[in-house]
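> Here's the letter readout for the chains.
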Amino acid sequence: MDIIEVKNISKLYGMNRKEAIKMMREGSNKEEVGKKTGVTVALWDVSFKVKQGEIFVIIGLSGSGKSTLVRCFNGLLKPTSGEIIYNGKNIKSFSKKELLEFRRNKISMVFQNFGLMSHRNVMDNIAYGLEVKGVSKEMRQERAIEMAKLVGLEGWEDKPIHSLSGGMKQRVGLARALANNPEVLLMDEPFSALDPLVRKDMHFELLSIQRKLKNTIIFITHDIDEAFKLGDKVAIMRDGKIVQVDTPENMTTNPADDYVKNFIESADKTRVVSVKNIMITPACLIRENDSARNAIRQMERNSVSTAYAVDANMRYIGIITIEDAIKAHKENIKLFDLVEEDNYTVTEETLINDILTCAAEAKHPIAVVNGDRVLKGIVSKAAILSSLADNEEN
Amino acid sequence: MKEHIFSFPDAWKFRIGMTIDDAVKEFSRSNKDVLDGIRDVAIDAIQGVEGILSSIPWFLLILIVMILGYIVSKKIRVGLLYGAMMFFIGAADLWEHMIDTLSVVMVAVMISLILGFPIGILIAMSKRAGNAIRPVLDMMQTMPTFVYLVPAVMLFNTGAMPALLATVIYSIVPMIRMTSHGIIYVDKEVQEAAIAFGSTKMQALIKVQIPQALPTIMTGVNQTIMMAMSMVVTCAIIGAEGLGLEILVATNRVELGKALLPGIAIVIVAIIFDRLTQGLIRKKEVVE
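Each protein sequence line maps, in turn, to chains A and B.
The first sequence runs contiguously to residue 394 in my numbering.
The second sequence runs contiguously to residue 288 in my numbering.
Calculated directly from the structure, the hints in this document are not laboratory data.
Even glycine gets a Cβ: it sits at the ideal position worked out from N, Cα and C.
A few of these clues could be false.
Stated by the list, open to error - Only pairs whose alpha carbons sit at most 25 angstroms apart, straight line, appear in this in silico DSS-like list of lysine-lysine:
1. A/K133 - A/K106
2. A/K133 - B/K207
3. B/K127 - A/K96
4. A/K159 - B/K188
5. A/K97 - B/K207
6. A/K133 - A/K214
7. A/K89 - A/K51
8. B/K207 - B/K127
9. B/K201 - A/K133
10. A/K51 - A/K233
11. A/K96 - A/K78
12. A/K22 - A/K36
13. A/K78 - A/K18
14. B/K201 - A/K97
15. A/K92 - B/K74
16. A/K35 - A/K51
17. A/K159 - B/K127
18. A/K97 - B/K74
As the list claims (entries may be wrong) - To spell it out: a stretch of chain A is covered by chain B in this simulated footprint if at least three of its residues, at any positions, have a beta carbon under 8 angstroms from a beta carbon of chain B; those stretches are:
19. 20–31
20. 112–118
Start from the sequences, fold in the hints, and give me the full structure.
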């Protein structure tokens, strides 16, 4: 069942809109129209349907009109022409009161930069929608606590907003949006401002919540990975127009044009960047007959807390920490007896994406070996995370 | 011919100064009851504040300032410094004059806040109101004060009332501007969030925009107080009593010492007002 149907929505900004509409109908592009008439075409003839309970992702680069589009659903912006049908009712025909009721009960929104009210604590932010609707204080606090629990913010209800990290702020944003028990959740690049690891957590969180509550979600992003990961349906936008609407699978196999194809190929670098690109040579190698004292000195000189033990053929054996080396030195034990055997290794060809979780938990840089277990290098947590950060900037 | 090029033709000059005078006089005559009514209310307010201030023993007032100074700065020496500064005013035999000045300034500030706050909100909410009011604000700030002192005296006679009027005209502007500025520049997404969750315009204003704008509005309050303090000497010209009058009299007699002490007293009062209100603003901003 379709919960929302978008019919030929256009949104133009500027004075000479009639002329601009005429030019667009005759097939001019957005840039030409802007130059000639001074009118900005934010959306042009956008149509699609959203099914009840699905996650519908709208993806596009900045300026493609996706943020404008999402604001048309709850009336923050009014389309110049076209209509949005919600459960058979035209949003445009809502009276002031109906629009208010629609926003209070049916549709809510999560913002890119959270849109939280810094003068209210976590609880009062979550309860904002209930408050304006006139829900009693006890009821809305009860609901706010329930929502805080749902998004993993239990115990943070009385904290001021400025004391939260970015990820937690967006959890508040999500809890606030869910508190009204809306049928439709609008999410305007909700995780773009978060760092990659937190974002992955939030994806997981969102998917599990959505499976529980079965809301319809309209999700805006510029990240194709995020789109394919979350979306039941994905719409690609370009210059205010929809290029293709399809499931991620169909889109990958049958891209509508080169633009879509390129977009998909630009997918997350971590999927294609392998360990080889970010590994470094270990600063400190320990051979079988090295003395503990020598090992300590080497580690100190290179300011590292771990050394990598190899045999005569450079085959990797395991890790020695500086604590163990000191212990060996003091108690006069043979250094090699204290080597922690390390079974978690990666190869040069391992993709960064595949080792993200392990990297986050690993205590020491991970050893990189080839098929014969010959040590080729090490890859540190910092290198993995910063490769993600580079990916962010691109 | 030549004189028509290098000087403005006489025939095209108009003389409406007298006409304006007559109009104001006529207005003042025909609305005498109303104007007197306003004047009485204002004088009552000023005398009321003066009554309250003079009923506080001098050492208690100093103590209150010291405690407030300590509260906003969390430093004992700041409180002590403010106390010493207040003590200086008393020792310079200016305490009563300070009370006179304070009562006019405080009433003027209160009127400015009570009127300026809603006007500021109006400008922020309605573009049309903004377009109509902004030029008036520009005029109020740039028009030399003496120009509106004259009609103020014509309408209300000399004394505290025209001083109050002139002070309000001058000091209300920052309150209006900062209030509207604060509300207009509340984070766009926060404003959108208020609307997206189904707030009425009034709910968005009271629950989100005003609280979010509060630090800016408090800066407006601070500026309003400072502007009101800066009008003290000007107001003395039209007969307002207080520190300003002392300065004016001393200036006319070319007595530097007598002018300097009340001058310093004005600076002291202004600094204490400024620091106390700034301290409140900082407290608000910590929450940001």
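> All hints are to be evaluated individually against the structure, with a verdict given for each.
Verification of the supplied hints:
At roughly 12 angstroms between alpha-carbon atoms, A/K133 and A/K106 fall within 25 angstroms of each other, so this suggested pair holds. Simply put, A/K133 and B/K207 have alpha-carbon atoms about 13 angstroms apart, close enough for the 25 angstroms limit, and the pair holds. Distance check on the hinted pair: B/K127 and A/K96 sit about 21 angstroms apart at the alpha-carbon level, within 25 angstroms; holds. Between A/K159 and B/K188 the CA atoms are separated by roughly 23 angstroms; this keeps the pair inside 25 angstroms, and the hint holds.
A distance of roughly 19 angstroms separates the Cα atoms of A/K97 and B/K207; the hinted pair therefore holds under the 25 angstroms criterion. Simply put, A/K133 and A/K214 have alpha-carbon atoms about 23 angstroms apart, close enough for the 25 angstroms limit, and the pair holds. Note on A/K89 and A/K51: the hinted pairing holds, with a Cα-Cα distance of about 15 angstroms set against a maximum of 25 angstroms. For a cut-off of 25 angstroms, the pair hint linking B/K207 to B/K127 stands: about 21 angstroms separates their Cα positions.
Straight-line distance between C-alpha atoms of B/K201 and A/K133 comes to about 13 angstroms, which keeps the hinted pair within the 25 angstroms bound. This hinted pair checks out: A/K51 and A/K233 have alpha carbons roughly 9 angstroms apart, not beyond 25 angstroms. Taken as a hint, the A/K96 and A/K78 pair is honoured in the structure, with Cα atoms around 13 angstroms apart against an allowance of 25 angstroms. For the proposed pair A/K22 and A/K36, the alpha carbon gap of about 12 angstroms is at most 25 angstroms, so the pair holds.
Among the hinted pairs, A/K78 with A/K18 is consistent with the structure: their alpha-carbon atoms are about 17 angstroms apart, no more than 25 angstroms. Simply put, B/K201 and A/K97 have alpha-carbon atoms about 12 angstroms apart, close enough for the 25 angstroms limit, and the pair holds. Our distance criterion of 25 angstroms between C-alpha atoms is broken by A/K92 and B/K74, whose separation comes to about 56 angstroms. A distance of roughly 38 angstroms separates the Cα atoms of A/K35 and A/K51; the hinted pair therefore is violated under the 25 angstroms criterion.
For a cut-off of 25 angstroms, the pair hint linking A/K159 to B/K127 is broken: about 37 angstroms separates their Cα positions. Between A/K97 and B/K74, the direct Cα distance comes to roughly 50 angstroms. Violation of the 25 angstroms bound is thereby established for this hinted pair. Three residues within the 8 angstroms Cβ limit are the bar, and the region 20–31 of chain A against chain B gives 0, so the coverage statement is violated. Here the region 112–118 of chain A counts 7 residues with a CB under 8 angstroms from a CB of chain B, which clears the bar of 3, and the coverage holds.
The structure shown violates the earlier hints numbered 15, 16, 17, 18 and 19.
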